[in-house]
Amino acid sequence: MNWFFINKPRSKFGKFLDHHKLTQKEVSEMSGLSKSTISRLCKGDAFHPSFKNGKRVLLALKKLTNKNVDYSDFWL
Numbered sequence: 001m002n003w004f005f006i007n008k009p010r011s012k013f014g015k016f017l018d019h020h021k022l023t024q025k026e027v028s029e030m031s032g033l034s035k036s037t038i039s040r041l042c043k044g045d046a047f048h049p050s051f052k053n054g055k056r057v058l059l060a061l062k063k064l065t066n067k068n069v070d071y072s073d074f075w076l
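Counting from 1, one number per residue, gives the positions in the sequence shown under the UniProt record's numbering.
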């Protein structure tokens, strides 16, 4: 049993990272955003990034996963 994910509220963004086995650190480094910003995006759907930061996150995800992701996939 994986105890790490039990009762852990995750946003769509957080679930995407989990599914693609990406760490918050990897996304933070690739996007240039702080680890705390990436962590807030993963915790739940209450926090939405600014358009500028969202664009940076999406560009990082595209590079890391080779997937075509959009802002509305996570935050609309």
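Please keep in mind that the hints were generated in silico from the structure rather than gathered at the bench. Certain hints may be false.
Derived PhoX-like pairs: lysine-lysine, alpha-carbon spacing no greater than 25 angstroms straight-line [stated by the list, open to error]: (1) Lys35 / Lys25; (2) Lys25 / Lys52; (3) Lys67 / Lys55; (4) Lys67 / Lys21; (5) Lys62 / Lys25; (6) Lys35 / Lys21; (7) Lys8 / Lys25; (8) Lys25 / Lys15; (9) Lys63 / Lys25; (10) Lys12 / Lys67; (11) Lys67 / Lys25; (12) Lys43 / Lys12; (13) Lys55 / Lys43; (14) Lys62 / Lys35; (15) Lys55 / Lys35; (16) Lys43 / Lys62; (17) Lys15 / Lys67.
Restraint ranges, calculated between C-beta atoms of paired labels, are given here [claimed, not checked]: (18) Phe47 / Asp70: 17 to 25 angstroms; (19) Lys43 / Tyr71: 26 to 34 angstroms; (20) Glu26 / Asp73: 27 to 35 angstroms; (21) Arg40 / Val69: 26 to 34 angstroms; (22) Asn66 / Ala46: 26 to 34 angstroms; (23) Lys63 / Ser34: 25 to 33 angstroms.
As the structure is a prediction and not an experimental result, all values here were calculated from the model. Each residue gets a CB set at the ideal place from its N, CA and C atoms; glycine is no exception.
Check each numbered hint against the structure and report the violated ones by number, ascending. 19, 20, 21 and 23
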